[in-house]
Amino acid sequence: MAFGAFLQAPAPGVAAAADPAPRRRSKVALLLLLPGVLYLAVFFLAPLVSLVMTSFQEPVEFGDIGQYQTAFRWENYLAVVETYAPHIFRSFSYAALATALALVFSYPLAYFIGVKLRQAPFLQSLALVLVVAPFFISFLLRTLAWKQMFADEGWLVGALQTVQLLPDGAHLTGTPFSVVFGLTYNFIPFMTLPIYASLERLDLRYLEAADDLYAKRSTAFWRITIPLSLPGIVSGTLLTFIPAAGDYINASRDFLGSTETAMVGNVIEANFLVLQNYPAAASLSILLMAAILVLVSAYVVRSGTKDLL
Amino acid sequence: MARSTFAESGADLRLDGITKRFPGFTAIEGLDLSIAAGSFFALLGPSGCGKTTTLRLIAGLEEPTAGRILLGGKDVTSTKPYQRPVNTVFQSYALFPHMSVLENVAFGLKRRGFKDATAKAHEALRLVELDHVAQRRPAQLSGGQQQRVALARAVVNRPALLLLDEPLGALDLKLRRQMQLELKTIQGEVGLTFLHVTHDQEEAMTMADTVAVMNKGRIEQLGAPEELYELPRTAFVANFLGNSNLFTGEVVSADGDTIVVDVGGRRLAVPRVRAQRHAGEVTIGVRPEKLVLLPDEPTPQTGRNVLGPGRVIDASFSGVSTQYQVAVPGIGIVAVFAQNLGFGPVMQEGAEVWLTWSVDHGFGLSDSPEPPATSAGDDVDTSALALQRRERLQAELEEA
Amino acid sequence: MRGLGRYALAAYSVIALVFLFIPIAYTVAFSFNDSRRSNIVWRGFTLDNWTSVCQAQGVCEAFGNSILIGVVATVLATAMGTAIAIALVRYRFRFRAATTLLLFLPMATPEVVLGAGLAAEFLTAGVPKGIGTIILAHTMFCISFVVVTVRARVAGLDPALEEAGRDLYASPSQVWWRVTFPLLLPGIVAAAMLSFALSFDDFIITNFNSGAETTFPKYIYTAAARGIPAEANVIASAVFLLALVIVVTAQLGRAARKRRMARS
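Residue numbers (this note's numbering), protein chains in the order written: chain A, 3 to 311; chain Y, -6 to 393; chain H, 8 to 271.
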């Protein structure tokens, strides 16, 4: 669906470069750009600056809870890393695990829809609708549905205990398992759609050519199919990893998590909205964003697909 | 421009010192051009020669950096495209995909406020014999049909000047021939001024009354198709419009009606009136089909040039004619087109031959071919080049 | 072996799609549950939840807020995003790379950071949180998605079509309304639908910037601790069915058009 468009978007300047006649009247361009760019400057860039400023603030002396003043307390960062190192580690390991699982889950599915169902456009459309269907129902309700299915008194836990896969007295909810499960489930469509989009455009004659050139089917898959669907894989992993690392619904106590599974998102929320420890929340946010940007740029550069945008 | 009225007839077009610069390159430099009202004019040139830019300037889609554009005597240089009585048949046809064929054709008339736009659109569709698909979308038509719709959409406005931007390029050969004839017929019927931009020399020559050959933003030569072909004035025209054998040498005598040029020790004559330059180093040429191949040395004859002996290094049979490559020592490769009056090629590869042509068929150029261009244009294949190189090496070895 | 492999892939895909559907089916099923207060255990089938949706306290207000916010944010984001998309494809300007980066970054930033940042800004500026701040926040993260969606459409638009319009006596505004806009419309509609869906289902950014106001996702989040009323399931199911109908119709239409094109 529309997420596909995100990934199929051409590299910047491709269309412009194809046209040798450079475009005129930059005044019109300015008029078109100005509202949106200004909007993003005020409601995206300025908040980031504001976040950086807040992250260095110190409490007002003898002030109430939630009162802070401008300062340059870089120790805030040390403090949050010290306190929340486990949460930071959990965020990235859960997100990485969920991304890997979603990739393994999605690739065969995307391959089936994008390649095998080409001869049946109606079935292909139907399958695509089913992949995006979860988007149409509330994210929170979907997660709660899993929680209730995983509940201690539910049939699943009972069944697992009967076949001795789960020890008596053990839980499914509130464990790293359920949190990673929830993250994986919720972001699967973000993984499947981009991979589908790149496989759908895969020219099968390449595979025939590989076949003709003595490649085994497995060789053709690893040497042709995977590299050609790499842009989809890269987009999918980013679209999954970034929101998963910042997510706090799945890991929240009321959903699939417990205090032992709390991620960075949970502590940012708690510090900001409950404890009103704004500097801590801000410095954690900045750390999270910086870490993600570093990881993402390293990943994008390594995979050699810079034309994501 | 008055609304709701048609141009009475085709208008003449004049370009006055048009220059168009884009950041980084100059597409057109000081171009002057006049096109008479009611004529079919072709602008011919390789891609990147500036012909499409010229067309876009006339349509008003680009603004010239300098110069004036006059249409029917009126200066339209700074008017917008929608204010000019000029219409274009785009290379990609540019039919609006979200409108029916009829809506496409009626589009221009409606913008100009014609009450009977739909009726006129039907009429135009009948002219191109497509009224039965009036309700379809352009995507449901074949390439040839789309091309005719694009033509109807432009012609229905009765523009003073109709611009055709390589509209036949996307069609296959057979369809293209058919469309060429149809275009000529329509032009005769509606009596507009046509300006046709193309890189296809055959298309330009069969359709246009006047052809201008364009190269690097300048017009190299302008004239009737036969005139351009039989008497090219520059090496570019000689090789872009068909093929030519070109020979460069010093003028050794220029008395009387002919000038004589020394080419590699042989004397070749050209009529004085058909030569652009009469002294110093000049390049002369002759079309390959004007040459006659002989198995024996002919007796010298006034009014005929002779080259030989040479060796046939390649003979390619193409049905109607056979194309020979003849290596003449000291001259290079000479191309010959011989009609197959008998069965198959007359000369075999490796045969020793003499070449002769009437002095009247030669022409003298105002410039010389650029170094990389070989005398026989595109027709020198790699084997001929290899042979040339071997000959040169042998010559060097003999000297040593 | 080959045949078996193919069936294995098909079977896997069917199972995977069913798996994706489980929580949806669960949510829809429990909209018919004859529950009293908490909707966790199945107590029997009823239509009462559907016939009297607004009985559960606050659920319809939250839903109404979500619709209002979604519509306003979508209109704002679609207008600004479409303009940017056109500028990016059709014009050359300085700071082009910087603009592209500015558009990419919101998509690469975790929602919790976007939410906390805006909240920090509103706090510093002393802006009271409410429906207005939620709309401002949603518009912000929708713009980038609109740009990417519409830009693909603009890039696929042959500039010769607009030139043909100008050549055929259409003034600039006529070219826009009769040629450009109708041709971009499918892309703009897709972008608007995506925007609305993103806004409607957003919880994280909303949570940071809503103050005392409630949206549908926030209502569910707050109610999660004490049990979600079945009416919430009703609303979610209704929205789901509506969206499904829209998407299926669009897909069927597209497939039918494709076939018709192929035939003629």
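Since the hints were made in silico from the structure, they are not lab data.
Nothing here was measured: the structure is a model prediction, and the numbers come from that model.
Keep in mind that a hint or two might mislead.
Derived, one-sided and incomplete: chain H residues facing chain Y with beta-carbon distance under 10 Å [stated by the list, open to error]:
no.	residue
1	G133
2	P135
3	K136
4	A162
5	P166
6	E170
7	D174
8	L175
9	R261
Even glycine gets a Cβ: it sits at the ideal position worked out from N, Cα and C.
Check your understanding: Which earlier hints can't be squared with this structure?
Key -> Of the numbered hints given earlier, those the structure breaks are 1, 2, 3, 4, 9, listed in rising order.
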